[in-house]
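Chain residues, written in single-letter form:
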Amino acid sequence: MASAQQVRQRSVAGVAGLGLLVVVAILFLIDLALIFLWAPTELVLGEVQRIFYFHVPSALVGFMAFAVVAVGSVGYFWKRTAKWDRLAHSAVEVGVMFFTVALISGAIWAKPVWGTWWTWDPQLTTTFVLWVVYLVYLMVRAYVPSRDQAARYSAVIGIMGFPLVLLVYRAAELWAGIHPGTVVGPGAESDALDEDISLVFTFSLATFTLLFVYLLWQRVLVHKAEETVEELRALVK
Amino acid sequence: MRAYWRGALAVYRKDLLLEVRSKEAVSTVAVFSLLVVFIFSFAFDPSPRTLALVGPGIIWVAYTFGGVLGLNRAFSHEKDKGTLEGLILAPLGKDAIYMGKFLGTLTLMLIVELLMLPVFLFFFDLNVLSFWFLVIALLAAIGFAAVGTLFSAIAVNTRSREVMLPLLFLPMALPAVIAAVAGTEDALAGRGWAALGQWVQLLLAYDFIFIVLSSLTFEFVLEE
Chain A
1 MASAQQVRQR SVAGVAGLGL LVVVAILFLI DLALIFLWAP TELVLGEVQR
51 IFYFHVPSAL VGFMAFAVVA VGSVGYFWKR TAKWDRLAHS AVEVGVMFFT
101 VALISGAIWA KPVWGTWWTW DPQLTTTFVL WVVYLVYLMV RAYVPSRDQA
151 ARYSAVIGIM GFPLVLLVYR AAELWAGIHP GTVVGPGAES DALDEDISLV
201 FTFSLATFTL LFVYLLWQRV LVHKAEETVE ELRALVK
Chain B
1001 MRAYWRGALA VYRKDLLLEV RSKEAVSTVA VFSLLVVFIF SFAFDPSPRT
1051 LALVGPGIIW VAYTFGGVLG LNRAFSHEKD KGTLEGLILA PLGKDAIYMG
1101 KFLGTLTLML IVELLMLPVF LFFFDLNVLS FWFLVIALLA AIGFAAVGTL
1151 FSAIAVNTRS REVMLPLLFL PMALPAVIAA VAGTEDALAG RGWAALGQWV
1201 QLLLAYDFIF IVLSSLTFEF VLEE
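Residue numbers (my numbering), protein chains in the order written: chain A, 1 to 237; chain B, 1001 to 1224.
If you're looking for bench data, these hints aren't it; they were derived computationally from the structure.
Hints may be right or wrong, so weigh each one.
[Stated by the list, open to error] With a straight-line Cα cutoff of 25 Å, these simulated SDA-like cross-link-like pairs (lysine to any residue) come out:
1) Lys1079/B x Asp194/A
2) Lys1023/B x Asn1127/B
3) Lys1079/B x Ser146/A
4) Lys1081/B x Glu1223/B
5) Lys83/A x Leu103/A
6) Lys111/A x Met97/A
7) Lys79/A x Asp1095/B
8) Lys83/A x Ser11/A
9) Lys224/A x Val24/A
10) Lys1079/B x Leu138/A
11) Lys1079/B x Ala150/A
12) Lys79/A x Thr1107/B
13) Lys1079/B x Arg147/A
14) Lys79/A x Lys1079/B
15) Lys1081/B x Arg1013/B
16) Lys1094/B x Val24/A
17) Lys1081/B x Tyr143/A
18) Lys83/A x Arg8/A
19) Lys1094/B x Leu1034/B
20) Lys1023/B x Leu1034/B
21) Lys1081/B x Ala206/A
22) Lys1079/B x Met97/A
23) Lys79/A x Gly1082/B
24) Lys1023/B x Val1163/B
25) Lys1094/B x Val74/A
26) Lys83/A x Val7/A
27) Lys111/A x Ile197/A
28) Lys1094/B x Arg80/A
29) Lys1094/B x Phe77/A
30) Lys1079/B x Leu1034/B
31) Lys79/A x Ile1211/B
32) Lys1079/B x Asp1095/B
Could you build the full structure based on these sequences and the hints that come with them?
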């Protein structure tokens, strides 16, 4: 049963969550203004290049999320507490969502620039497969009989998936396809971006990262609440 | 270390004996792979020119799908007969069980690969007896067996397990499939290390990483 202290902790978390939501919302509005009003129009690609500020941050945040999954999965086998499992599970849900955004925005960008929605380029193909891996992660959780099995099996997938995350992150360099290489983060060339573009991009990435932190945190809280409800229901029965 | 290998070989021997007496897995998987190849011959016009293009793809689609079918068997009969508990209770480490099962799966895959070689050779006139193709086939089979044995143990405990295993296995096997197809293309065209070296290296890295990760995480799967 929830003690008075737990109730207080929860309301503090609620207020802090609301505060972060407001911050993320304001940052997102500024980000949109920067992207559509301030950022220079790219010389070769034109206006459509502005989707870059959505496409790349969501893909990078997706990679971040899957790294969190690996950490949560290892943590679960190390500590064996539901906390780590919730972290990994929530990170998969949020990561899959960001990867979906990256895939869709990539398709929208590819149509005018490459002349096709989709091409079987190594970067695209491997990204899509990674998306499927984490989709299967969620399916396995849904199709096992017990909570304990869900946690163990999904943690195994979370760990096994991580080498693929690294491979997909570097896929454009490993197999020269038509998708451009890494422009930011570890392994990127330092002068890959124009200064103004780089500034807006960094702001956008920071905003997306904060959005990720917010969503991840809220998902963890929701899973925790779900488990409490389950426990209470078991008590009533 | 000696106890580990003794345990692993005992599990391997048991599975091998089971297979030698029933010949269930090898025969079904081989016929299944053969059918995959025949369907391909209808899907693509099998003229020599298209074959040079789609040949490596046909080989690896047959091996991959045949592999999934074989993987299903690594743990399904243990589960159905209720012998999985016996295996877990047996005085041997879980890593030894993994190694034994891995060797069993690998043997099955290699036998099926060997049985299929004449098919590719006679029906499609693909130069599958090249040294590098055989190396690639061996390395890919090791990778498939490493990942597949682990996922087979997971899938067997889920609802609708026959579907769950391909869902788990195929995306995870993709890097190995990509490398195997690309390397096979070079090998069948008679190119050497300079062309296919990178694919062999990728397969080696894949095998190493996933054998290590699979045997480390396997003990958490078999925890009932």
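Please name the hints from earlier in the document that this structure breaks, with their numbers sorted from lowest to highest. 1, 2, 5, 12, 14, 16, 19, 21, 22, 23 and 30
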